[in-house]
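Q: Okay, here's what each chain looks like letter by letter:
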Amino acid sequence: MEKDLLSLALKAVEKLRGRIEQADVFVERRKEINIGWEKSSLKQVSVGYDEGISARAFHKGGRGFASASPLSEENINKVVEAAISLARAAQPDPHFKSLPSPEEGRKVKGLYDEKVADLSPQDLAIWGEEIIEGAKQVDENAIVSGGISAYSMDYALANTERIGIEDRRTGLYAYVMVVLSKSGEVASFFDFDEARRLKDFQPLDIGEKACLQAREFFGARQAPTGSYPVVFSYLGSGSILQAVASAAAAEEVQRKRSYLADKKGQKIAWEGLSVLDLPLIEGGMSSSSYDGEGVPHKELTFIEDGVLKTYFHNSYTAGKGNEENTGHAVRGSYRGGVGIAPTNLQIKLGDWTLEEMIEDMKYGILILSTSIQPNPVSGDVSGPIDFGFMVEKGEKTYPLKNTMLGFNMIELLENIDAISRDFREEPGVKMPALRVKNLRIGGGR
Amino acid sequence: MSFPFSLYSIKPNFTFVASLSKKDYNVFDMEELLEWLIEEANNKGCSFVEARYVRKLTSSIRVQDGRIEELSQRESAGIGIRVIANGGWGFSASASLDKKSLSACLKEAIASAVALGSKAREKAEVKEMEGLEDRKELRCKISPQDVSSEDKAQMVLEWEREAKGVDPQRLSNTLASLNDVTREEMVYNSWGVKVESKLVHTLANVFVSASEGEVRQSAFERRGGTGGYELVENIDPEEFSLKAAKKALELLSASPPPAGTFPAILDPEVVGLFVHEALGHNAEADAVWSGHSIIKGKKGQEIAAPSVTIVDDATIEGAFGFYFYDSEGTPSKRNVIIEDGILLDYLYNLETAMKMEAMPTGNARAEGYEVPPVVRMSNTFMAPGNWTFEEMLAEIKEGVYLKGGRWGYVYPERGQFTFNVQEAWLVRDGELKEHLRDVSMSGMTLETLKKIKGVSKDFKLASPGYCGKSGQTAFVDNGGPYVLVEEITVGGRR
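These protein sequence lines are chains X and G, in that order. The numbering used here puts the first sequence at residues 247 to 691. The numbering used here puts the second sequence at residues 432 to 925.
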């Protein structure tokens, strides 16, 4: 099979051209190394090679999708034929306007690093040992689990409108969970690091940091039921931002499945909240020159002074809504279809520090990390505080367990009253802390 | 209150065949290739080798707002090779099925194992199994491949139309889909295991959103199992599309929940989520061995109320988590985790069985060829008891009734679980008083298991779904009876 992925994609598009109105083809080749450790010992190394092709074909707007692996002449023909026949079986969709046409995008640096592509399982194993050792130095009885992944991928995208692009990227991700036991009680915490380039990857102290934090979770108690001011620390605020951004995907909005439907141009948050979407940051985890359909990326204001400025579009939703295509189509791999997602979301930093927010709190709650999963349709959240503390007179008094949050996303956004100037940084994103005036907490009687 | 399903009434109509036709399966080349890989690895000094071929064919149809929106088809095949060498594990996978690519793949797996073995504090080892040769296939009454895309699409269109027809004005979005996955797996290993199995999973979904003024709500229904088109061709709309639509509309006038700790009745779906998330993940032996389980060291101890029996059973024919052999070639089994409140045993793969001096329970599952097997659940449920739903209601002065699971997760090492439910009711003086929406509950696994006061006679195992662990997805089913719990914490807005 030919090595040049763009030639393969263009060849497949030529097989589709003339037999169907429009089509696009995605071709991918990928190598991934994973190492895992459990019970503080390196456990398994896996090395995987994957390659495949997918095609989307459009017949009067109706869509057919097919994918297959590995890359072979037979599979390319199979995918082409299947996409055509499936598109013909779908129903016409007048909302489909067109796939995008070629436009020159800005080259983003730092998304591929030869040094990452050349890493061996042994390299990852050495880091893994250091991460475990870091935790063990804090507490020799720490139970450490986690893993590191490194991948490199080459891909090409072509469509019947003459888009033909190819690119490559690398990625590194390390995750650790530390469990401590004392007198039959268990405390735990986690940490992670991620990067596209080796020089941005600093995973060696995550075991130590997770272990130090885990130690603070002994003696966890349920908070009394009531209403409290709540500070979301860096990871907690990241979870809020993701929850808001996923509701701004135009597909969800147009289908009336989002609590942000009909809110564009309206105030949805505290006037001190502004959020940018920055896809062109060098080395950013969600950076790229083009989106998943080949539309050039550009910077965008998502929320400005509390006002929702835009939804996130791909070519279909932009055509359907007669709006500008914001270039937010995403493809996970050749196996999946095309979705919508934001890129690097950046909250405009505020004046406080996290420390000052805690010191300023008479009786409230600090959330280090929690999973905010709103009902996407209503925006209502009823969920647990995964890792948090009770704060009294400016000091953390006890860690929380079995304590729940209940609020509506808009209510939370409107009730933010402070943003920190300090932050946690991962490539492409700086995550500050947020303070919310008042949230309902479900705990003990 | 009674249920249309019982544990054994959900069996679809299909028959097993003792062996697969080699012509159907096209296995001659693959058998030879897998045997060659085992021999190569043995010759290179591996103490254990497993070569696994998986081929998956997936088709799906999605209808939204009155239109067949997308039809899709996905096909993948490849081999994953797992070895133990120098006391370390190595795994490598390839979609290219020629000897040159596979030889490179094996070399990489061995090199990884050797490198890891010299660093690992604990040496890799697996329970030695007896050699076994077998082929099993779940023979569908109507194979998904024998039904045209057009016929499938018409059926899905009909589901969507039925739902929308309930209230076209207030139902702002209606979505119906049908997915079928045909999965063939061949597991060969150095103990002489040569097993092949073929399964079909079919799943129908309907998801409905309703809106009125500023209030928006959603609901869904799901039907499916192991089997073919026969599982979905005659779904009763009252129990599927119409039910989801009516539920979403009713939720428009429901209230947000109160915050606090309450006695609660959990319906069979929520009990299914509880046994899977809160207990099941803690019973997976890799979590136990690695110190991440709250039930580590509690075998033989009473960890739940005496009325509680919890089972993981991969042999329930037709259930979504059914399989013949796991991805290590161990036959599937019925495994009792808790019996009458006593923790009997955990769920094992070959490695944890060896390390923990137990027998493999057939719970090693891999999503595809590209990932190694990990310890997973299958069909997990609480066994029925003696109570009725009405008797449970009568016990509650002020509490909640939680119905229909939406999502859940657990931190096994701390024993804290969380579930979100589709709908709930406030219970006062033994009566369902106020309909509640967007309710999540949280609790501590061991405390909650002890606080189970009643277990109902009525039982349902019909929550086909997907469980995520270690980056992999597994087909699972959950269920149980109604359960009365003395207290559970609810996240509310008032």
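These are calculated hints, taken from the structure and not from any lab test. Incorrect hints may appear among the rest.
Claimed, not checked - Away from chain G, derived, C-beta distances all over 10 Å, residues of chain X:
no. : residue
1   : E284
2   : D451
3   : R461
4   : R501
5   : D626
6   : K676
Said to hold, decoys possible - Calculated pairs, DSS-like style, for lysine-lysine (alpha carbon to alpha carbon, straight line, at most 30 Å):
no. : chain 1 : residue 1 : chain 2 : residue 2
7   : X       : K277      : G       : K538
8   : X       : K285      : G       : K558
9   : X       : K428      : G       : K554
10  : G       : K828      : G       : K888
11  : G       : K567      : X       : K285
To be verified - Short, incomplete list of chain X residues facing chain G, as computed with Cβ under 10 Å:
no. : residue
12  : A312
13  : G472
14  : L522
15  : L614
16  : M650
Backbone N, C-alpha and C define an ideal beta-carbon position, used for all residues, glycine too.
Q: Does each hint hold? Answer for all of them.
A: Status of each hint after checking the structure:
no., hint, in the structure
1, E284, "violated (4 Å)"
2, D451, "holds (20 Å)"
3, R461, "holds (14 Å)"
4, R501, "violated (4 Å)"
5, D626, "violated (4 Å)"
6, K676, "holds (27 Å)"
7, X/K277 with G/K538, "holds (15 Å)"
8, X/K285 with G/K558, "holds (19 Å)"
9, X/K428 with G/K554, "holds (27 Å)"
10, G/K828 with G/K888, "holds (22 Å)"
11, G/K567 with X/K285, "violated (36 Å)"
12, A312, "holds (5 Å)"
13, G472, "holds (8 Å)"
14, L522, "violated (28 Å)"
15, L614, "violated (13 Å)"
16, M650, "holds (3 Å)"
The structure is inconsistent with the numbered hints 1, 4, 5, 11, 14 and 15, although it conforms to all the rest.
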